[in-house]
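K.L.:
Given chain A's structure and the hints, the job is docking chain B with the ligand onto it.
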Amino acid sequence: MILQGKVWKFGDDVDTDQIIPARYLNSSDPKELAKYAMEDARAGFAEVVGQGDIIVAGKNFGCGSSREHAPICIKAAGITGVIAPSFARIFYRNSINIGLPIFESKEAAEAIEEGHEVRVDATSGVIEDLTTGKNFQAVPFPDFMQELIAAGGLMNYIKKNKMDK
Amino acid sequence: MGMTITEKILAAHAGLDEVKPGQLINAKLDIVLGNDITSPVAINEFEKVGAETVFDKCKICLVPDHFTPNKDIKSAEQVKQVREFAHKHEIEHFFELGQMGVEHCILPEQGIVGPGDAIIGADSHTCTYGALGAFATGVGSTDMAAGMITGEAWFKVPESIKFVFKGELQPHVGGKDLILYAIGDIGVDGARYMAMEFTGPVIDNLPIDDRFTMCNMAIEAGGKNGIIAADETTMEYVRGRFKREPVIYKSDEDAEYARVIEYDCSKIEPQVAFPHLPENTRGISEVGDVRIDQVVIGSCTNGRLSDLRIAAEFLKGQKVAPHIRCIVIPGTPLIYRQAMHEGLFDIFLDAGAIVSTPTCGPCLGGHMGVLAKGERAVATTNRNFIGRMGSPGSEVYLASPAVAACSAIKGKIAGPKEVLSK
Ligand code: SF4
Chain A
26 MILQGKVWKF GDDVDTDQII PARYLNSSDP KELAKYAMED ARAGFAEVVG
76 QGDIIVAGKN FGCGSSREHA PICIKAAGIT GVIAPSFARI FYRNSINIGL
126 PIFESKEAAE AIEEGHEVRV DATSGVIEDL TTGKNFQAVP FPDFMQELIA
176 AGGLMNYIKK NKMDK
Chain B
73 MGMTITEKIL AAHAGLDEVK PGQLINAKLD IVLGNDITSP VAINEFEKVG
123 AETVFDKCKI CLVPDHFTPN KDIKSAEQVK QVREFAHKHE IEHFFELGQM
173 GVEHCILPEQ GIVGPGDAII GADSHTCTYG ALGAFATGVG STDMAAGMIT
223 GEAWFKVPES IKFVFKGELQ PHVGGKDLIL YAIGDIGVDG ARYMAMEFTG
273 PVIDNLPIDD RFTMCNMAIE AGGKNGIIAA DETTMEYVRG RFKREPVIYK
323 SDEDAEYARV IEYDCSKIEP QVAFPHLPEN TRGISEVGDV RIDQVVIGSC
373 TNGRLSDLRI AAEFLKGQKV APHIRCIVIP GTPLIYRQAM HEGLFDIFLD
423 AGAIVSTPTC GPCLGGHMGV LAKGERAVAT TNRNFIGRMG SPGSEVYLAS
473 PAVAACSAIK GKIAGPKEVL SK
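So the protein lines, in turn, are chains A and B. In short: position in the first sequence from 1, add 25, done, that's our numbering. In short: position in the second sequence from 1, add 72, done, that's our numbering.
For reference, chain A alone in the conformation it holds in the complex:
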């Protein structure tokens, strides 16, 4: 799978309260949640973000709450992938489970600037900054997670492997 889009840049330790503030968690509808994506990190983000755009952030992206609404709203807002030097544990897990592609690369996260055009090969983890021509390699996923991703997320995997017995 190839992702290509414009980059929006965020800092270190962006927590899930900034990604989707709790005041909007009285809904679990992705479309509704998408309206408030990243609101407390950057007001009005949902209005400017385009389909296919990519987030590049600092370390420990998605720290804090376990709310799956965080990767869900980012995905529903049109973001196709997130690149960061590191992800908080539950966010990492949730993203794989729901099928939001995430990529760990310190070099890419540091070098890529806001507004750059970026292309990512989700299978190989190769990240290309088309604006500067630089290439980066994301940390590969362990085999089991590749399997989850290939199955289209955890629920599809469970359905295939655990429920039809």
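Hints in this document: simulated from the structure, not taken from any laboratory. Computed from a predicted structure; not experimentally measured. All C-beta atoms in this analysis are idealised placements derived from N, C-alpha and C, irrespective of residue type, glycine included. Each hint should be verified, as a subset may be incorrect.
[As the list claims (entries may be wrong)] Reference excerpt, derived from the structure (chain A facing chain B, CB under 7 Å, subset only): (1) Asp40; (2) Leu50; (3) Ser90; (4) Glu172; (5) Ile183; (6) Lys185; (7) Asn186.
[As the list claims (entries may be wrong)] Computed far set for chain A versus chain B, every beta-carbon distance over 12 Å: (8) Ile27; (9) Asp42; (10) Val73; (11) Gly75; (12) Gln76; (13) Gly103; (14) Gly140; (15) Leu155; (16) Gly158; (17) Asn160; (18) Asp168.
[What the hints assert, rightly or not] The calculated lysine-lysine pairs, modelled on DSSO-like cross-linking and capped at a C-alpha distance of 27 Å, are: (19) A:Lys34 to A:Lys131; (20) A:Lys56 to B:Lys143; (21) B:Lys228 to A:Lys131.
P.N.:
This is chain B with the ligand only, laid out in the frame that chain A set:
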């Protein structure tokens, strides 16, 4: 090679003799938990794949505690969905209003979780139960859905950091100060993906409520779980409540740790975490003059009886400053009743505070004390992220019940010394 307590519990639940950090395992679960925010998403997933039954109706806990008593129509609808699911699947541990308490207070109190368990919860502070010598970790809703169907979850076995708390605890310094201090030291991602194992003579003497507070905040350092080996204090707490057989694990002498960190507690004073990260900690003597508008005493971190007693000890015979709104939230109906019978409510009300029914409420800016732009709160909760308790332009300072109560009296951030030395 020896194993840590976390590795032993995971190995036992994966049916293996041994596990190593980094290993991916599939573990059987003793309890799967969700709340009114995370369960609806899980229930949708559960139904979307066409699951018909849960793996074990006695091992699932549904606790609508965040926006309850329902603050608006949408919240009411979310809880309704959870309630209907609970009834349909005859979920034993569904907590209706009246029985409902803040999830991480009520599960241990009701003896649903105990030593040796492996627990997942669609709530990041599920790590609280590590205080009982269990492996407990927060996950998302999809993991919860999968857990409800299969009774299993996949884990990467975490590396462990061993914290050794030595020395003598200073007066009015408790579990909250110790964990804030540790987070201040290692940072909000200092234990990312790792187990935080709390040990040492100070922990051996630490009351169970303080242990819950410490394990509760493991996630604030990025930890996968916080854990304290079960000992006599633990057994005294679980005796008569925990209905299953406790299994006691201890780390081997030669277990391997990613890091060992020692703290001399004689040097730790009451701590305050400044906005907007729990790692921005300072000792109370370095806080300076910070005027506040609101104080919240409660939450899964510090909403237990001993927390309320500490707050009452300072508020007794005192008044909260005229410009302060002081909100006290007992964590469960039982704590509420005990506090009431002990006369703590009189102390709070005489001081000009209010007492709320158990709820997460203001902790996540839900209701019952949301902050306006420019307002500041001292809270005994666990997060001070931007907008956590309301407006993105508000500020939250995290502290212990002692500091929170003293701050309410002084109208600015204050420690026990300032109140007692009058
Ligand atoms: S009290 Fe706060 S931190 Fe604890 S479960 Fe409720 S919202 Fe989460």
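K.L.:
Now, for every hint given, state plainly whether the structure supports it.
P.N.:
Quick rundown of the hints versus the structure:
Annotation: A:Asp40 was flagged as interfacial toward chain B, and the flag holds, the nearest CB pair being 5 Å apart, inside 7 Å. Annotation: A:Leu50 was flagged as interfacial toward chain B, and the flag holds, the nearest CB pair being 5 Å apart, inside 7 Å. Evaluation of the A:Ser90 hint against chain B yields a held restraint, the C-beta minimum of about 5 Å falling below 7 Å. For A:Glu172, the interface hint is violated, the least distance from its beta-carbon to any beta-carbon of chain B being 10 Å, above 7 Å.
A least Cβ separation of about 5 Å between A:Ile183 and chain B falls short of the 7 Å threshold, and the interface hint therefore holds. Proximity of A:Lys185 to chain B is violated relative to the hint, the smallest CB-CB distance being about 10 Å (cut-off 7 Å). Look at A:Asn186: its Cβ only gets to about 9 Å from chain B, farther than 7 Å, so that hint breaks. Remark: the non-interface label on A:Ile27 is consistent with the geometry, its nearest Cβ contact in chain B lying 25 Å away (cut-off 12 Å).
Not every CB of chain B lies more than 12 Å from the CB of A:Asp42, the least distance being 4 Å, so the non-interface label is violated. At roughly 18 Å, the least C-beta separation between A:Val73 and chain B is larger than 12 Å, which holds for a residue marked as non-interface. Every C-beta of chain B lies more than 12 Å from that of A:Gly75, the closest at about 24 Å, which supports listing it as non-interface. Against the 12 Å criterion, A:Gln76 stays outside the reach of chain B, whose nearest CB is about 23 Å from its own CB.
A:Gly103, annotated as away from the interface, keeps every beta carbon of chain B farther than 12 Å; the closest lies near 20 Å. With a least beta-carbon separation of about 24 Å from chain B, A:Gly140 lies farther than 12 Å from that chain, consistent with its non-interface assignment. The beta carbon of A:Leu155 is kept farther than 12 Å from every beta carbon of chain B, the shortest such distance being approximately 30 Å. The Cβ of A:Gly158 sits about 31 Å from the closest Cβ of chain B, beyond the 12 Å cut-off, so the non-interface label holds.
The claim that A:Asn160 lies off the interface holds: its Cβ sits roughly 27 Å from the closest Cβ of chain B, which is beyond the 12 Å cut-off. Some Cβ of chain B comes within 12 Å of the Cβ of A:Asp168; the nearest lies about 8 Å off, and the non-interface call is violated. For the given pair, A:Lys34 sits about 14 Å from A:Lys131 by alpha-carbon distance, which is consistent with the 27 Å threshold. At most 27 Å may separate the alpha-carbon atoms for a hinted pair to count; A:Lys56 and B:Lys143 meet this at roughly 22 Å.
Among the hinted pairs, B:Lys228 with A:Lys131 is consistent with the structure: their alpha-carbon atoms are about 22 Å apart, no more than 27 Å.
Checked against the numbered hints above, the structure violates hints 4, 6, 7, 9 and 18; every other hint is satisfied.
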